[in-house]
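Chains as they are written, first to last, in my numbering: chain A, -7 to 291; chain B, -7 to 291.
For the record, the hints were derived by calculation from the structure and aren't laboratory data. Mixed in with the good hints, there may be bad ones.
DSS-like mimics (lysine-lysine), calculated; alpha carbons at most 30 Å apart, straight line [as the list claims (entries may be wrong)]:
1) B:K235 / B:K153
2) B:K235 / B:K218
3) A:K235 / A:K218
4) A:K218 / B:K153
5) A:K153 / A:K218
6) B:K153 / A:K153
7) B:K153 / B:K218
8) A:K153 / A:K235
9) B:K235 / A:K153
There are 2 protein chains.
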Amino acid sequence: MPQRDVNVGFIGLGHMGKPMARNLLQAGYPLVAHNRSRAAVDDLAREGAQPAASAREVAERADVVITMLPDSPDVELVALGPGGIVEGAREGLVVIDMSTILPRASRDIAARLGDQGVVMLDAPVSGGPQGAQAGTLAIMVGGPRDAFDRCLPILEAMGRKIVHIGGNGQGAMAKLCNQVACVLNLVGVAETLVLARRAGLDLGRVLEAVGAGAGSSWMLANQGPKMAARDFAPGFFIRLQQKDLRLVMAAAEEMNLPLLGTALAQQLFRALEAGGEAELGTQAIIKAVERLAALDRPI
Amino acid sequence: MPQRDVNVGFIGLGHMGKPMARNLLQAGYPLVAHNRSRAAVDDLAREGAQPAASAREVAERADVVITMLPDSPDVELVALGPGGIVEGAREGLVVIDMSTILPRASRDIAARLGDQGVVMLDAPVSGGPQGAQAGTLAIMVGGPRDAFDRCLPILEAMGRKIVHIGGNGQGAMAKLCNQVACVLNLVGVAETLVLARRAGLDLGRVLEAVGAGAGSSWMLANQGPKMAARDFAPGFFIRLQQKDLRLVMAAAEEMNLPLLGTALAQQLFRALEAGGEAELGTQAIIKAVERLAALDRPI
């Protein structure tokens, strides 16, 4: 793999960020990495990344800085706070925020960085940790088209489908739309399997048949077998799914938009939070459907 | 294509039945066809089918009789009523009911036919008219395994994935499970697109991005573009979708099983029935989501 001539910085090496950063290394990008806790940085350093002690230092040493962080305040702090990107930034730096955050927050951060001559793209992803590892993420991008075009090879090292949605914040908004589809598909898989189990059907055969017709979905193919096997390990934490749904409902509230199905999914996840199960994977939503039906004991 | 040595009867040549019967003809099966209204029979006769004046006559002339009818009472009438299959049946006849009906009704009909030495399979399908035309349906089958094995080549002429779920009625029940997944995926696509449209995003780009990630589904790929283009032509009629959901909720009620998401989908379709739109395709569910948000005028 030839060494690429763009220095990439990566901030936020969690369940998603770490495999994404690894794919950039493997694609030949020189990588400067920073993370709040040091262990993940050390792991990547052993694979060729240069460690950095702060977001500011990453910005000083990179041409393009990627952030992959939990929520809007985290991105604000890393981008604009003390020791943040803005302190190490120079004219022409590009920041690609791949976190899932509020579209409004993303637009605000882009404007503040723009004041310093820094271009920002919001580029959240879909496909989960397995998509991050395989480099097959869907990436939905907001921001200036020319910056999108220049950064496309970098994004292609992490994803299979990269779509320029529109201006700043529109990638973030598309991600919220994506989460609506995700959680309702997940409710669909859960109710499908609870009905099938209650009726005494073989869940594997039901998944095989439904997965070949009009009821098929990524969630059915990927989370259905885990639900059937009662494997509730994350994957994608319920806690983070609820963070995303809070963003969806906040954006919808700003627009006076009722979303009954999404709200239902949010409340089913809340039932799991109520049961102390926020650290399970999102496929555990089937437990909320079962609990409602007094079927909440293992088979 | 060689002529097959099994005479197949087909009763019910509607939006689904007619293309399915055509695929049997094209696979080389001698076909005896009957339909309540004569025009569809004449169409198929021009393609090589033998017309029959009644279900009884179909049963007299065929080794395997397929029924594809709207609802449980229709199948009961055609199978057991005056001039029905049972009057023309002989020991060893196989009836494959591919309609979507109540699992309990399917079991009862199978038992009544069994008293006359007739074997029944319930084999409902998923994939819509396009799947029926292309011969790519998912077919979920209940009934005796040996009859399933003998009929598999016939089913393979109409479908791509044929799964033996279990005993009589279990194919019908798997189809109800399938409908749960279908309608919740459909709610997901509708809410996704209403949020995207309200936020001013390009719906085509959103569908492209979401369709490549964890939010992807058959419904998003097939119904999403129709929703975005405001093409509400059926496809699959809301009226028939509601019939299926009545079956789901009746089966669930027998088992004291609450299904919040499915019930929500049913009520959104009901809003369209209330608006006199039961003859639209199921993708029109987006109109109910829009109406709730006072967005029910065309873009």
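Evaluated hints:
1. Restraint check: the Cα-Cα separation between K235 of chain B and K153 of chain B comes to about 24 Å, which is no more than 30 Å; the hinted pair holds.
2. Distance restraint check for K235 of chain B and K218 of chain B: the Cα-Cα separation of roughly 22 Å lies within the 30 Å cut-off, and the hinted pair is therefore satisfied.
3. This hinted pair checks out: K235 of chain A and K218 of chain A have alpha carbons roughly 22 Å apart, not beyond 30 Å.
4. For the proposed pair K218 of chain A and K153 of chain B, the alpha carbon gap of about 22 Å is at most 30 Å, so the pair holds.
5. Distance check on the hinted pair: K153 of chain A and K218 of chain A sit about 26 Å apart at the alpha-carbon level, within 30 Å; holds.
6. A distance of roughly 28 Å separates the Cα atoms of K153 of chain B and K153 of chain A; the hinted pair therefore holds under the 30 Å criterion.
7. A C-alpha spacing of about 26 Å is found between K153 of chain B and K218 of chain B, which places the hinted pair at or below 30 Å, so the restraint holds.
8. Between K153 of chain A and K235 of chain A, the direct Cα distance comes to roughly 24 Å. Compliance with the 30 Å bound is thereby established for this hinted pair.
9. Taken as a hint, the K235 of chain B and K153 of chain A pair is broken in the structure, with Cα atoms around 38 Å apart against an allowance of 30 Å.
The structure fails to meet hint 9 from the earlier list, while all remaining hints are met.
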